Amino acid sequence: MKHVKTLVPATLKRSAQNGGCGECQTSCQSACKTSCTVANQKCENTRIRKQPSENQQFSIGN
Amino acid sequence: MIHTFSGLGGHFVLDAESGAVHQLDELGLALLTRVGPEGPMTDVCPPAILAALSRVWPPEEIAEGWDELRQLRDRGELFTPAEAYRAPEAGRLKALCLHVAHDCDLRCGYCFAGTGHYGGARGLMPFETARAAIDLLAARSGGRRNLEVDFFGGEPLLALDTVKQTVAYARAHETEWGKRFRFTLTTNGLALDADNIAWLDAEMDNLVLSLDGRPNVNDAVRKTPTGAGSYEKILPGLLAAARAREASGKDYYVRGTFTARNPDFVDDLLHLAELGFRHLSMEPVVLPEGHPLALREEHVPTVLAAYDRLLAIMRERGDFSFFHFNIDLDGGPCVYKRLRGCGAGFEYAAVSPEGEVYPCHQFVGKAGFRLGDVWGGSWDDALSGRFAALTVETKPDCAVCWAKYFCSGGCAAAAVNLNGRMDKPYGLGCALQRKRLECALVLKLRD
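Residue numbers (our numbering), protein chains in the order written: chain W, 1 to 62; chain C, 1001 to 1447.
Here chain C stands alone, though its shape is the one from the complex (with noise of 0.2 Å):
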């Protein structure tokens, strides 16, 4: 399978199978758009392509672009057929997502843990129910060495003193248990303070700040609990902490959220440029049809047009970097990583303050995906099986799909919630996913 796409200026294939990817001229291009994503590529150029062409270019030409081709699909780099890569046994956990808070001192209007109690009561998490977190991470990752913890909620700053303490308990056995931990925070930044950035800054290997753009756009929807925009309050917090980060040299994101109210979303994106931000995420809100803030197909074009519009900005000055532009196409992960992509339910997964354990956080509470606790009690190995039976190649969708190697099946959660159904990708979402990656691949292959 290939896919064909244009961006400043320039023409490219990626041989979807293999990962190469080629720069094509014009003549290139219309010989592979003839042909087809599928192929067959046939040795010699079928009459009706020569045809066709040959009121645009010489038949020799045509002859010579398609021999071109035809030695890039010798050499396995272009119609690879696709291998039968087998996923790596799982079982191996390796990430925790601490929910330290179900709380929250803001109210937005998009949260999907339902402005912070994800359902449930509102509360905070015992630090023995984190160690016992930690115990079971470090229990179930075999031989695994790095692995991840993530403090989330809610609001994780309101259980700082929980988050202190477990990054102590975890750092005092590294050694003993020859592992490496990891640690990020998500904070809506409006209890940070000088003490506590210094403290971030020192313990966290990655901080993500939340600030959706322009104050009106992030104000209509990230409100405090009397209904008043957050911006004024959390933007000296959060500027004090990315220039601790950027000093330290340690890796931070600030992170906002588009809603169908800002679809257009590159000037909020340009704002967090503008305060001074370096590092930025700019995800696409995920909501059940019908909720007002929720992206509909009618939004798909504009958003399409931000992603190019953001391309071009970035081709021109190199003062930020866009989390989703960013790609590795030489280092980048193993085609077994590429297979199941996040390791939700497996790999990956969240704990409730009270120390229930869920795929991931955007399962937390959801009746029939408890995975088990933090306590040593039954551990449903079938529904883990589940997830990790999840492959690009098991979601007819997604192996059928050129971006499958990149996005890797997309996000579990947005399927059951929007499809109601593990297998199968959450379709808006997919199709923002291979535009970012157009644009990622462009403006690397570009440089």
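Extracted from the complex, chain W is given alone in its bound form (with noise of 0.2 Å):
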């Protein structure tokens, strides 16, 4: 493409697949402690084995 270039795709749709164990940090314990940030936060199921009862509680409804 000229006049677009993608530096990013669609990622949130595809985190709701295999997202929701809940194993990620708590924002607010990090640094702020004021103000409330969740973009800069790690994903841990990159890092740990996920607990299979925690991922059945979610689900993409329409």
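No wet-lab data here; the hints were simulated from the structure.
Please note that a few of the clues may not be correct.
[Unchecked claim] Capping the alpha-carbon separation at 25 Å, the derived lysine to aspartate or glutamate pairs in DMTMM-like fashion look like this:
| # | chain 1 | residue 1 | chain 2 | residue 2 |
| --- | --- | --- | --- | --- |
| 1 | W | Lys42 | C | Glu1038 |
| 2 | W | Lys13 | C | Asp1397 |
| 3 | W | Lys42 | C | Glu1174 |
| 4 | C | Lys1233 | C | Glu1174 |
| 5 | C | Lys1233 | C | Glu1283 |
| 6 | W | Lys5 | C | Glu1061 |
| 7 | C | Lys1223 | C | Asp1103 |
| 8 | W | Lys42 | C | Asp1219 |
| 9 | W | Lys2 | C | Glu1128 |
| 10 | W | Lys5 | C | Asp1308 |
| 11 | W | Lys13 | C | Asp1074 |
| 12 | W | Lys13 | C | Asp1330 |
| 13 | C | Lys1233 | C | Asp1201 |
| 14 | W | Lys5 | C | Glu1038 |
| 15 | W | Lys5 | C | Asp1328 |
| 16 | W | Lys13 | C | Glu1068 |
| 17 | C | Lys1164 | C | Glu1128 |
| 18 | W | Lys2 | C | Glu1060 |
| 19 | W | Lys42 | C | Asp1074 |
| 20 | W | Lys13 | C | Asp1103 |
| 21 | W | Lys42 | C | Asp1193 |
| 22 | W | Lys13 | C | Asp1373 |
| 23 | W | Lys5 | C | Glu1060 |
| 24 | C | Lys1444 | C | Asp1319 |
| 25 | W | Lys13 | C | Asp1328 |
| 26 | W | Lys2 | C | Asp1067 |
| 27 | C | Lys1179 | C | Asp1319 |
| 28 | W | Lys13 | C | Glu1089 |
| 29 | W | Lys2 | C | Asp1447 |
| 30 | W | Lys5 | C | Asp1193 |
| 31 | C | Lys1179 | W | Glu44 |
| 32 | C | Lys1179 | C | Asp1193 |
| 33 | W | Lys42 | C | Glu1083 |
[Unchecked claim] Away from chain W, derived, C-beta distances all over 12 Å, residues of chain C:
| # | residue |
| --- | --- |
| 34 | Ala1172 |
| 35 | Lys1233 |
| 36 | Asp1267 |
[Claimed, not checked] Between beta-carbon pairs, the in silico distance windows are:
| # | chain 1 | residue 1 | chain 2 | residue 2 | range |
| --- | --- | --- | --- | --- | --- |
| 37 | W | Met1 | C | Arg1171 | 52 to 58 Å |
| 38 | W | Gln17 | C | Pro1215 | 49 to 55 Å |
| 39 | W | Gln17 | C | His1291 | 43 to 49 Å |
| 40 | C | Asn1419 | W | Lys2 | 45 to 51 Å |
All values reported here derive from a predicted model rather than from experimental measurement.
Where a beta carbon is used, it is the ideal one built from N, C-alpha and C, also for glycine.
Two independent chains are provided; combine them into the complex using the hints.
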């Protein structure tokens, strides 16, 4: 493409497929304590084995 | 919904619902600006837009640009319709903030803890209370393995014996319980010495060190009980602690707060960097309107310009990180995490020295927000449920905001304290948050 260059693909919907295990850090614990930023948190799925029972708590509705 | 923004000489568009980000040339930006954030984007460029832009670009080039954007739309990466994500069920606690000290050896002018005592009596948390809190966390965490405990106050080093016993108790039960505890301690640095720095380095996964920047800025607000400035007293300990963390490769942040006195806070961040601190955070103060240190609407342009200035500086030098410009576009949190943010009230809670549990550290002692206690007393599931029900989709201001999946709805405590309700975010904070996100995206995308 000449006028547009994709830098980041559509990641949110993809993250719904394997997300929701809840093992990630609580965002307010890291440094801020007064404002909420979530996007700078890491996903723990890449580092630990997920608990199967925790992965069955969500679904996508329409 | 899309959001176009520019920085460091580039133009970008974020597709809010899919998370896709694209770089645009001038024509691409002009086209999307005319379509507007909500679309719709038609298959063919509308005549009005074609006519308007034909003064600058040839019609065939405009049609070409439009077709490229349409392809992104068809791929689900532009003007993607909202998905009805259903938040996971709540109820599993995974993080506790232990207020081991409702007392402090500083008297900071903006302290939301009321200089350490949270409006109640000054006091320290006995180990028995902390142990009961650890038991509560383990019991209410279900199958979650990673649990977080933050030692907070007041000044937690005033209760270091409790902190040490609590860490030893939790570590001793990790294998039995199938848990992994991560500990964080937030300190003003006054009581840091070689011995406790070594212990903190060994045991804390993260250490948060409080310093507001230049001596005159820090000392105007962060004072000792006698009213003297704290900078000279705390700096040696903070530097030693940071050096220890650098040497061991463990996480730390030097965390400052900027107020109405220094809305152009970049020189304070640079001062911290010049001192040798590498991991920096600078938070906007959150205070009620009328407080002399509170940020007001009139400060917003100055703060936004400060973020732009910081962005340009960080583009040129890579010797420090800024917490709010960190962003993970590839391996970041899943959309379920992004729906509800910090988890206050259901995943995250705070414990007072007396063992009472509140939705987060900023709610401690606040009437109507007591969740329960660590002694097995009743638990306010209805209150917990009210927090869990707050998502970016249920808060009207958030549902229509492009930044919703990055900030995840903002701080509930700020919403209550400044708007009197949990479902209406603190607008001034939102304006600053959106700017920080734009800067974070630009910094990442221009790498």
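Q: Report the numbers of all earlier hints that the structure fails to satisfy, in ascending order.
A: 1, 4, 8, 9, 19, 20, 21, 22, 27, 30, 32
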